[in-house]
Every structure is written in structure tokens, then in C-alpha cells.
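**Q** Taken in order, these protein sequences are the chains called A and B.
Using this note's numbering, read the first sequence as starting at 1 and increasing by one per residue.
Using this note's numbering, read the second sequence as starting at 1 and increasing by one per residue.
Quick caveat, the hints were computed from the structure, so don't treat them as lab data.
Backbone N, C-alpha and C define an ideal beta-carbon position, used for all residues, glycine too.
Don't take every hint at face value.
[As the list claims (entries may be wrong)] From chain A, some residues computed to sit far from chain B (all C-beta separations above 10 angstroms): (1) Ser-70; (2) Ile-90; (3) Pro-102; (4) Gln-152; (5) Ile-214; (6) Pro-245.
[As the list claims (entries may be wrong)] Taking lysine to any residue and the SDA-like style, the derived pairs with C-alpha atoms no more than 20 angstroms apart in a straight line are: (7) Lys-53(A) x Lys-15(B); (8) Lys-15(B) x Tyr-232(A); (9) Lys-111(A) x Asn-8(B); (10) Lys-20(B) x Lys-53(A); (11) Lys-111(A) x Tyr-10(B); (12) Lys-53(A) x Tyr-10(B); (13) Lys-210(A) x Tyr-232(A); (14) Lys-53(A) x Asn-8(B); (15) Lys-20(B) x Ser-11(A).
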Amino acid sequence: MILSVDGIEFSYNGRPVLRDIKFSVNRGEVLSILGNNGAGKTTLLRCINRILKPKRGTVLIDGNDLFSLSSREIARRVGYAAQRHEGGRITVFDAVLLGRKPHIGWEASEKDLEIVREVLASLSLEDLSLRYLDELSGGELQRVIIARALAQEPRVLLLDEPTSSLDLKNQYEVMKIVKDAAEERRIAVVLVMHDLNLALRFADRFLFLKDGTIYDCGGLEVMTPENISAVYGISVAVEKLGDIPVVVPL
Amino acid sequence: MDQGTAENIYHGYLKYTGRKILIILLTFLLSVVLGVYAVNAGSADLSPAQVLLTLLGEGDERLNVIIWNIRLPRIAAAFIAGIGLSVAGCVMQNLLQNPLASPSTLGVSQGAAFGAAVAIIALGAGSLQSTSADAVVINSPYLVSAAAFMGAMLTTITVLMLARLRGVTPEAMILAGVAVGSLFSAATVVLQYFASDVQVASLVFWTFGDIGRASWGEIKIMAFVVGIFFLYFMANRWNYNAVDGGEETAKSLGVNVERIRILGMFGASLITAVIVSFLGIISFIGLLGPQIMRRLLGGDHRFLIPASAVMGGFLLLASDTIARTIIAPVVLPVGAVTSFMGAPLFLYLLTRGNSRR
């Protein structure tokens with residue numbers, strides 16, 4: 001068990017947003033957080049890496065209490081790709097190098113450059129390494145953002161809607177990258193996702209969030225029409241197309 | 001991964017960063033050349049040989065005064081003030097995530113002008129001068145400088161405290177800056193309304209930035225403050241890069257965004273306050289220096305901060321040299337020259353801008 005979240009509670013201006021959140025993720029596993037807009041999905045992600053400070057609850061990574069660590073130490077363990085990120089006039093190489101920030105003292109070392117090089121190569125971004133971010137397509141930019149989070153050498157990778165603004169091909173490519181990264185690097189991935197079919201295809205486990213609390217959490221067995229209908233408020237059928245499970249709204 | 005590609009990425013990147021260093025060095029070299037020209041240019045006709053002799057300590061009394069007390073301090077002051085204003089602008093643009101952020105965005109210049117107005121009008125620090133060289137003179141320049149500095153810092157602290165109340169977001173800072181800035185402008189206008197013609201003239205004269213006001217003592221203070229905060233900004237260059245990636249990204253990289261924003265804005269304001277209170281208001285350097293270099297080198301603050309510094313120094317030195325020589329022996333206020341050159345250049349940069357900022 002690499003990530004374990006227990007009893008997280010978060011309120012915003014006195015209004016409870018998250019209650020009694022408890023789950024854990026294993027090495028090499030992808031967990032998808034599912035739920036309606038406003039269910040608290042993004043808030044939950046931000047509580048895990050302490051961008052937001054939960055009222056109570058613990059987050060353990062490899063058995064260490066995350067909340068006793070400094071923000072720099074947290075950044076060495078948890079990588080995060082926000083939903084919105086700025087393009088800006090820096091090169092792909094520099095953007096990924098920024099992921100080394102939590103490890104860098106005064107200036108980037110050979111080792112930092114080497115790690116950037118390795119991450120760029122593993123995400124097939126070598127050819128873009130000297131392009132400016134504001135010249136990239138949406139899919140390329142998303143890959144760079146994930147590359148930056150991987151350059152942090154995190155134990156846990158948090159992704160907030162990594163595919164939301166991408167076309168079909170890029171959605172599958174980005175999710176493939178994420179899945180491979182989880183397996184090859186033996187890290188835990190927690191992502192927020194709206195596309196249930198994409199989640200079914202690439203996630204190992206699913207966490208339904210409803211009104212700020214966990215409705216159900218588990219493997220493929222929790223992806224039932226009943227659960228999905230209850231959480232999203234729309235009736236669906238879950239069928240198999242060949243080997244591939246698909247969710248179809250009725 | 002095959003070794004050839006890996007080497008290529010690495011060398012490509014080193015070549016790319018090397019090119020940035022080259023541009024910074026070239027700009028610096030250009031400034032040195034300009035500095036040499038500026039020592040030789042001026043209303044007293046001196047030959048380069050005379051200048052060289054004086055610099056080597058072989059000049060006569062008259063030459064010593066012209067070179068060591070008039071021209072060299074002027075060049076040093078222009079270069080240092082240019083560095084300070086440009087670096088301050090660079091950091092403000094990053095921390096407020098706004099390409100138009102400059103000392104006037106936070107009301108620093110307006111605060112300084114108000115301070116000067118209080119000194120000149122209420123405390124009687126300005127009056128008419130009988131010689132024709134300058135119509136007005138500031139009787140007690142130190143009083144005006146001190147008051148301007150206090151005005152500038154008062155604005156800065158007010159804006160930063162207001163921003164803290166509402167959360168340290170760029171929007172909160174810009175709104176607070178605009179509000180406090182207009183308040184001080186209004187107060188200055190009210191003061192002017194009750195002032196005599198001479199006092200108003202003195203204030204207007206003070207408001208025009210003029211590099212010639214600085215002597216070695218003031219230059220040392222400026223150099224000290226600019227130097228300290230330049231080092232502070234450089235130490236935070238990775239943090240500023242992270243902020244450029246978006247506030248959330250920066251936080252996820254372990255950056256305390258609020259803290260570096262407050263401290264950075266304070267440093268940038270302090271630099272500006274010192275320069276403005278000694279030299280008067282000099283606009284556009286804080287916008288132009290960073291914007292030119294951002295287009296040439298990109299937004300990586302490891303290089304952008306030093307690049308903005310040399311470009312700012314170069315621009316202000318060039319502006320001042322033009323101000324001194326274009327209709328010599330009349331010396332134009334350098335603030336007018338920077339605005340005259342800056343506004344069109346800025347528009348040009350905007351129209352052919354190859355980036356969103």
C-alpha cells in the first residue's frame with residue numbers, strides 16, 4: 001500500500017465539502033474518482049497534496065504522515081497536474097525541468113537534466129524539447145504537464161481531468177501514458193475523470209463521490225448501472241462490447 | 001533510449017541556454033560601449049584622449065570635475081537605476097501574472113509623487129532659482145527624497161496589507177494598487193490646488209525623472225538596494241518559474257506562493273521607491289526591459305532576471321545619453337525621453353508579439 005487516505009474532512013467557509021473520506025491505492029494502480037460536478041472531486045485531490053488543508057484526517061505515503069512534512073518534501077512525493085495550466089513562453093525541456101524544483105538547491109544538476117531527458121524520452125517528447133509551450137497542441141501540452149509531474153519522481157501522481165480538453169486519439173494516448181507510468185514506475189495514480197468509458201478502460205479501481213462523501217469504492221464490480229445511476233442521476237446500461245465494458249446512458 | 005538521441009537533447013538544450021547567455025553578454029557589452037560613448041559626449045567638448053587621461057588620474061582640475069563629478073555619476077546612476085526598475089518590473093509582471101504590471105500598477109510612483117508634493121508644498125522644500133539654467137530648484141533635496149520614499153513605501157504597505165485581507169491574489173493586489181494609487185493622485189491634486197505657482201512648478205520639475213540629481217552618495221544607496229534585491233530575486237528564480245506555470249502548479253511544486261508574492265512585491269516596490277525618490281519618476285523602463293528580453297529569451301527567470309537587468313541599464317543609459325545630446329546644451333528630462341521612445345517601441349512589440357505575454 002503506497003497511498004492511504006483516512007478520515008479526510010474539509011469545509012469551505014463553514015460548509016462541509018468532504019466528509020469521512022477513506023481509501024487506499026496500491027503500487028502501480030490507477031484509481032479514478034468519479035462523480036458529478038461539485039461533488040468534491042478536485043477538492044479531494046487538493047487535500048491529498050495539501051494545496052488545501054483538510055480539517056481532519058490523515059494521508060500516509062509509504063507509511064509516512066504527509067501532513068508532518070514540509071511543502072517541499074510533499075512535492076518530492078506527490079506530483080500534481082492541475083486542471084488548468086498556463087502555456088507560457090518556456091521550452092518543453094524547461095517546463096519538465098521545473099518538475100525537479102523540489103529537488104533542486106541552487107541550480108539544476110547533471111542528475112536533474114538526466115531525469116528530464118529520461119522522462120521526455122519515455123513520453124516521446126524528445127522532438128519537442130526545444131519548442132515553446134505556447135506553440136504546442138492541447139495533447140502535446142497535456143503530455144508535457146504529465147512529464148513535469150513525473151520528473152518530480154513522485155510516489156503518488158494526482159491528475160485533475162487529464163483528458164478533458166483532448167480529442168479522442170489524444171485522450172487514449174494520454175491515458176495510455178498514465179497507465180504505463182503507473183506500472184513501470186510502480187507509483188500510485190489518482191485521477192479525476194468525467195468520461196466513464198475512459199475510466200473503465202484504464203483505471204484499476206473506482207471511487208464514486210457523491211455530495212462530498214464516498215458512495216462506493218472498489219474494482220470493476222462497483223461499476224454497476226445501479227451505482228452509476230445513483231451517483232449521476234441518470235439511468236445507464238453497462239454492457240460488454242467484445243471484451244470491453246462500456247457505459248451507455250439510456 | 002538510444003544514446004544518440006539522448007546526446008542530441010542534451011546538446012540542443014545546452015546550445016539553447018548558451019545562446020541566452022550570449023545575448024545577455026552582448027547586451028552588457030553594448031552597454032559598456034554606450035557608457036564609453038556617454039563619457040565622451042556632453043556639452044563640454046572633450047577629446048577622447050582627455051577623457052582617458054582623466055580616468056587614469058592624469059587630468060587637470062576642470063576635467064576631473066566634469067568627468068568624475070558630472071559624467072561618471074550620471075552614467076553609473078542611469079545604469080543602476082535602469083537595472084533596478086527593469087528587474088522590479090520583471091518580478092512584478094511574474095508575481096501579478098500581468099504583462100502590464102509596473103511600479104505604477106501598485107501606486108508606488110503616485111505615492112512617491114504625493115510624498116514629494118507634501119515636502120515641496122506643505123514643508124516648503126522648493127522655490128524659484130535666479131539662474132536661467134533651471135527655472136526652479138529644490139532647496140532641500142534630501143527632505144523631498146525622504147518624503148517621496150515614505151510616500152512610496154506607505155502606498156506599498158497599504159496595498160500589501162489590503163491584499164492580505166482578501167487573499168494574496170494578483171487581482172486583489174492590482175485592484176488595491178489602482179485604488180490606493182488614485183487616492184494618492186487625488187491628494188496630490190488637492191495639495192497642488194492650494195499651492196503657489198512656484199511650488200507647483202517645483203513639483204512638476206521634481207516629477208520629471210532626472211538622472212543628474214544623483215551624486216555618488218545616492219548612487220551607493222541605490223546600488224546597495226538594487227544589489228541586495230537582485231540577489232534575492234535570483235535566489236527565487238525557480239519559484240518565479242513555478243508561478244508562471246499557474247498558482248496551483250506552483251503550490252504542488254512546494255512553492256509558498258503567497259509568501260514569495262508579498263516579499264517579491266515588497267522588494268520590487270522598495271527598489272522603485274529608492275530610485276524614484278532620488279531621481280523622480282521614470283516610466284516604461286520597467287515594462288520595456290523585461291518585455292524585450294522575454295521576447296528574445298523566453299520566460300525562464302534563470303535568464304530573464306539578469307537579461308532584464310542589463311537591458312534596463314542599457315535602455316536608461318541610452319535614454320539619458322539622448323536626453324543630454326539631442327538638443328545640447330539643453331538637457332531634457334529623461335522621463336520624457338523614456339516615454340517618447342518607450343511608448344512606440346512598446347506598441348511595436350505588442351503588434352508583432354509572438355507570445356501571449
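**Q** Confirm or reject each hint.
**A** How the hints compare with the structure:
Chain B draws Ser-70(A) into its interface by the beta-carbon criterion, the shortest separation being 7 angstroms against a cut-off of 10 angstroms. In this structure Ile-90(A) is not separated from chain B by more than 10 angstroms, as the shortest Cβ-Cβ distance comes to only about 5 angstroms. With 10 angstroms as the threshold on Cβ separation, the claim that Pro-102(A) sits away from chain B is violated: the shortest Cβ distance comes to roughly 5 angstroms. Non-interface status of Gln-152(A) relative to chain B is broken: a Cβ of that chain comes within 10 angstroms, the nearest being about 7 angstroms off.
Under the 10 angstroms C-beta cut-off, the non-interface status given to Ile-214(A) relative to chain B holds; the minimum distance is some 24 angstroms. Separation of Pro-245(A) from chain B is adequate, the least Cβ-Cβ distance of about 32 angstroms exceeding the 10 angstroms criterion. A C-alpha spacing of about 43 angstroms is found between Lys-53(A) and Lys-15(B), which places the hinted pair above 20 angstroms, so the restraint is violated. Between Lys-15(B) and Tyr-232(A) the alpha-carbon distance is near 53 angstroms, which puts this suggested pair outside the 20 angstroms criterion.
Restraint check: the Cα-Cα separation between Lys-111(A) and Asn-8(B) comes to about 17 angstroms, which is no more than 20 angstroms; the hinted pair holds. The straight-line distance between the Cα atoms of Lys-20(B) and Lys-53(A) is roughly 40 angstroms, outside the 20 angstroms bound, and the hint therefore fails. Distance check on the hinted pair: Lys-111(A) and Tyr-10(B) sit about 12 angstroms apart at the alpha-carbon level, within 20 angstroms; holds. Between Lys-53(A) and Tyr-10(B), the direct Cα distance comes to roughly 39 angstroms. Violation of the 20 angstroms bound is thereby established for this hinted pair.
This hinted pair checks out: Lys-210(A) and Tyr-232(A) have alpha carbons roughly 8 angstroms apart, not beyond 20 angstroms. A C-alpha spacing of about 43 angstroms is found between Lys-53(A) and Asn-8(B), which places the hinted pair above 20 angstroms, so the restraint is violated. Note on Lys-20(B) and Ser-11(A): the hinted pairing is violated, with a Cα-Cα distance of about 47 angstroms set against a maximum of 20 angstroms.
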